[in-house]
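Q: As they're listed, the protein sequences go chains A and B.
Going by my numbering, the first residue of the first sequence is number 2, and it counts up by one from there.
Going by my numbering, the first residue of the second sequence is number 2, and it counts up by one from there.
Some hints could be false.
Simulated restraints, written as ranges between beta carbons of each label pair [stated by the list, open to error]: (1) A:Ser52 to B:Thr326: 46 to 52 angstroms; (2) A:Met37 to B:Glu659: 48 to 54 angstroms; (3) A:Ile153 to B:Gln587: 35 to 41 angstroms.
Covered stretches of chain A, as calculated for chain B (at least 3 residues, CB under 8 angstroms) [unchecked claim]: (4) 82-93; (5) 125-133; (6) 167-173.
Just so you know, the hints here were simulated from the structure itself, not pulled from any lab data.
Cβ coordinates follow ideal geometry from the N, Cα and C atoms, glycine included.
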Amino acid sequence: MKRQSLLHPGLNLGSTDEYSHDEAEPVIFGFWVFLMADLVLFAILFATYASMSVQGQAGGPSPTDVFDLPSAFIETMLLLSSSITFGMASLALKYKADRLHLVFWLVLTFCLGAGFIGMEVRDFWIMTQQGAVPQRSGFLSAFYMLVATHGIHVTAGLCWMIVMLVQLRVLGRTTEVKLRLMRLALFWHMLDIVWVCIFTFVYLFGVAL
Amino acid sequence: MTVESSFSLLGTLTPQDISFVQTFENPVMSEFIDGAAGSVLVIGMIIVAALLTYYRGWKTLWFDWLTSVDHKKVGIMYIVVAFVMLARAIIEGVLMRYQQSIAVNDPGVLTPDHFGQLFSTHGSIMIFFMAMPFITGMINYIMPQQIGARDVSFPLLNAISLWLTAAGAALVMISLVVGKFSTGGWTAYPPYTGIEFSPGEGVDYWIWSISLTSIGSTLTGVNFATTIYKNRAPGMTLFRMPLFCWTSLCTSVLMIFAMAPLTIATLMLALDRYAGFHFFTNDLGGNMMNYANLFWLFGHPEVYILILPAFGVFSEVISTFSGKTIYGYKSLVVATMSIAVLSFTVWLHHFFTMGQGANVNAIFGIATMLIGVPTGVKVYDWLLTMVRGRIRLTTAMLFSIMFLVTFVIGGLTGVILANPPVDFAVHNSLFLVAHFHNMVIPGVLFGMIAGYQFWFPKAFGFRLAERWGKASFWCWSFGFYLTFMPLYVLGLMGAMRRTVEWFRPEYLGWLQASFVGALLLFSGFILLIVQLIVSVRQRDQRRVPAGDPWDGRSLEWSNSAPPPEYNFAVIPEVSGQDAFTRLKEQGKAYASPAAYDDIIVPKNSIVAPVIGVGAIALGFALVWHIWWLVALGFVTIWGAVIARSFVTETERVIPASEVRADHEAWLQQVRECATTPREQEDTSANVGRAEVLA
């Protein structure tokens, strides 16, 4: 009865760890609210980009000139698969008593995320070599701000993951560690959704329209 | 963007940036005033430090306050910040009224640049560092007790929010001594605030102080909303919550949604200034209208972030001092929610004149007028609460009644301004200045003062001196009318805001009247300080240990004054609205609970002050381009967060036996207290146990 009333959106620990589940509800709820505030931030950046991507080009490069669609596609695949591997990590957190499964999936997620960031930095580097720097036009300012804010979020997620790997070793699978991993999972999936929007509205629309 | 010719350990900071050096090198009146203001700050800090040393207060300050994560102490610290900043900003207001009252065909005492800094700091401080900390502190202190909770959901996060806000306030204060503040007004519209037209540190001070506090407010919103949704006592359904909790909830929701546009706008402005981006520049595809939209997408909900908690205070005060349950509870809740939603649909009315089509303006004008409807519902509900009540004209009640009258006048001028054609005529004139002061002073400030008078005995255990409170009230009220009614007239005569010198002699009388009014407002503030000092000295005759000096209606009055760290020895069961009044009427108040449990409370933490200091360093270093300190501040902040996550012992247990002993002793004390009839509320007979009428 009590467990039912404490269900929160997302993966619940209920059936395997009741104590942690009882602790989870306000924390996870609060994190959802925080994610909402963060999404408002991205919404504002998308709106800014929408208003500047065409009208703010100022005679400089346009999206078709500078976007590397195959590279963005690979980045998308990397990030989407990292969401799947984090999903596996969450399942390991819930159902596997040992640390090995969890650590394996987390490390795999980390590698995919780091690959994403590496590709993105490479894209930015190539763009700057072509003269498409943020100082060139309003469109590029808005582009770099939007995509780099996402990239900084992913980097923060990677740092968080390192901290969690250390904590798994130092603190073990305590309730706090479990709750932190659950929040990191939500954060990671949210960044995935934001990237899907970036890929669609920035890259696909930018090259196709 | 300029490239520094040589690397310096202090970035762009030079000795000439210290305000005393400037006063020494250029001894004119305007610089003297600036130097004097800086001196007051420095001397004030030295005096505080000396007093702390003399009374051996450093340990108390550190262990009981600065490192505390108790929502009550955090709330009080927020309000202390608000009072300090209010002192500065109100003096700036008086100074600006003085300058304008003598500057008819005369340059007056202030240079245009100094005047620009004054209206920029006055506005920024009043909104971000006076009103915001005041409402946040008030919600912090009261809301958890009203819903029967022991703390907010995330106590440490709460303290971090406080420290981020305080860091922003500190940056504004530092700008008094080191360098100049922005001259771009509290809205900081580019392209004027871009690097081309405003080189130097001024706008950077504005950007980083505002960014810090807006991040703090976002986290506060998350924290409060989670607390209200998840931390209510059993039986405290949403529709049994006191109205102050409802308005706190709406304010939190607005904070969650509305702070992000501000954060983004300030960061974009910073990127324009520091890195040569083109968000808001005139050239290369920049578009300053994006800034106007982003700023007011935050700015308009912000008005309601500030005023809704004050509406909550008025609801509590009017209901308590009329001795009646609030009239039209559900309509007040619906009105509050409507205002919160509508607040996102009207931002464009801040720039009707900036080039949208007539149809767009018309839609936003109508939306603006719509907000008058739920607000009108509220006014009628408050009036009807007073009808047939046994009204006691305490200071808090006087402020509430004066609010009702004055706010309606301000609302009427707001409806006038909501007409785009009228707005074109008076845009950016003193009519507008009069209007928003007419909303914010009675709406927010009177509300916060009323709340301060109302809940002070709960927080500190003794009542404030009513006589001085009432003297202060009359100064605030007359001062308000005398200051701002002339500004309406001046605005209609064509006087523009932010003007340092006039050339129309017919303005003179109105400006002088307004200056006298400003002096009255300042006296009102001084009298509040006097009231505090007098009350502290007479505290032994004013104590209310039983905790219920006003015959209160909600749960915060059911515990001792000041309340124990854990608020409630046993979490109360709630069976309806006006929870504490019900308990008193059923004779269940002050009954011994059947059983006590251990109580878990959070331990003090050094993390929040460390983050605060790191944030000050980070902000200051960004303003002065001291890049090594930027890195250090950033690492300090995040290092503290990560280090904290490895701490496992974050809570402390208060054993049931200790809770029992304390609580039973207090209950015994209450039972021995004589009950106070309402007529003796303001006498030493009032020890905080209200007489219950059958």
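Q: Could you work out which of the previously given hints the structure breaks and list their numbers from low to high?
A: Numbers 2, 3, 4, 5 - these are the hints that the structure violates, sorted from lowest upward.
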